[in-house]
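**Q** Just so you know, the protein sequences line up as chains X and D, in that order. Each residue of the first sequence is one higher than the last, beginning at 1 in the numbering used here. Each residue of the second sequence is one higher than the last, beginning at 1 in the numbering used here.
A couple of the hints might just be wrong.
Label pairs and their computed distance ranges (CB to CB) [as the list claims (entries may be wrong)]:
1) X:Pro-2 to D:Glu-148: 22 to 28 angstroms
2) X:Ser-11 to D:Thr-155: 15 to 21 angstroms
3) D:Gly-54 to X:Ser-70: 53 to 59 angstroms
4) D:Ile-149 to X:Pro-81: 24 to 30 angstroms
It is worth saying that the hints were derived from the structure and are not from the lab. Predicted model, so just to flag it, every value in this text is computed and none were measured. The beta-carbon is built from N, C-alpha and C at its ideal position, and this holds for glycine as well.
Chain residues, written in single-letter form:
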Amino acid sequence: MPFPAYLLTKSDDVIRAEVTELSERDLPSGDVLIAVEWSVINFKDAMVTQPGNRVARRYPLIPGVELTGSVVESGDPALQPGQRVLVQGSFRCRTISRAAPPPSSAWPGSPRCSHSIGSSVTASASTVALSW
Amino acid sequence: VTGASGGVGSTTVALLAHRGFEVVASTGKKNEHGYLQGLGADRVVGRTFAPDDGRTLGPQLWGGVVDCVGGSALAQALRTTRYGGAVAASGLTGGNELTTTVYPFIVRGVALLGIDTVATPIDERRALWLSMANEFPIDRCEDMVAQEIDLGGLTVALDLVLNGAARGRILVAPHG
Chain X
1 MPFPAYLLTK
11 SDDVIRAEVT
21 ELSERDLPSG
31 DVLIAVEWSV
41 INFKDAMVTQ
51 PGNRVARRYP
61 LIPGVELTGS
71 VVESGDPALQ
81 PGQRVLVQGS
91 FRCRTISRAA
101 PPPSSAWPGS
111 PRCSHSIGSS
121 VTASASTVAL
131 SW
Chain D
1 VTGASGGVGS
11 TTVALLAHRG
21 FEVVASTGKK
31 NEHGYLQGLG
41 ADRVVGRTFA
51 PDDGRTLGPQ
61 LWGGVVDCVG
71 GSALAQALRT
81 TRYGGAVAAS
91 GLTGGNELTT
101 TVYPFIVRGV
111 ALLGIDTVAT
121 PIDERRALWL
131 SMANEFPIDR
141 CEDMVAQEID
151 LGGLTVALDL
161 VLNGAARGRI
171 LVAPHG
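Build the full structure now, drawing on both the sequences and the hints.
**A** Here it is, written out as structure tokens:
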């Protein structure tokens, strides 16, 4: 199924950004497919739009490292289709719209957090929690 | 808390204030002082909160510092943390270089803690997320979401973030 994506491509030392349409075939293979509900952007996501950054290892790239959404397909019995999850970091394809992270980085979440709030707060909160 | 108006900084201010700490927020944005006080900061200071007076070590001002900025903010934090305190470094908006001496470490026993979440083992992250989800003062959250955008708004929003002009978190709805 096609989905919209914000895609960065690099040729020579120029990085171009465009909103384009991709399909699941464009995603790296993974055990879990997630329909993204919300993502957020942080400073390092902005850095990867700039040439000479030392953050991104490869292009083309869909920037972003945090998302909330629901499981579409899963090879991991702990994550069932329809289940809502929070994901941070460690997924090769990166956000947006659809993502295929390894199951170890997904989390079913807490009923107390709505998912927009969860996306906004919980991932940055893990940085905070590790900071004290 | 340095870089206090950013996503991690805002979250830190709200959580520490909620836990009863006296929180001093550092930001270069004069128009965000009210926002930070709303999150629970007792005091808001500028980017330069410990001017270099030529001495190796500065006054002992902080029990601990959550530094989201790096560069000179991190250097200032190390010079002015109290004996036995700790500084946690998680950001680089102020630069990826750190100029310091060893004196904060060997004279004051200050610890510099490196923070990464991407490679943190998933079990540890799940425990942290759960405790944060239970503890976070959600009623203060709405102020932290600066904007909700769709993919078409990303280029402008990423520029804002790059220029340090964004507050809190920008949410992206890919189908919105």
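**Q** Confirm or reject each hint.
**A** Hints, one by one, checked against the model:
1. X:Pro-2 to D:Glu-148: 22 to 28 angstroms: 23 angstroms, holds
2. X:Ser-11 to D:Thr-155: 15 to 21 angstroms: Holds, since Ser-11 (chain X) and Thr-155 (chain D) (Cβ atoms, about 18 angstroms apart) stay within the stated range.
3. D:Gly-54 to X:Ser-70: 53 to 59 angstroms: 58 angstroms, holds
4. D:Ile-149 to X:Pro-81: 24 to 30 angstroms: Holds, at about 28 angstroms.
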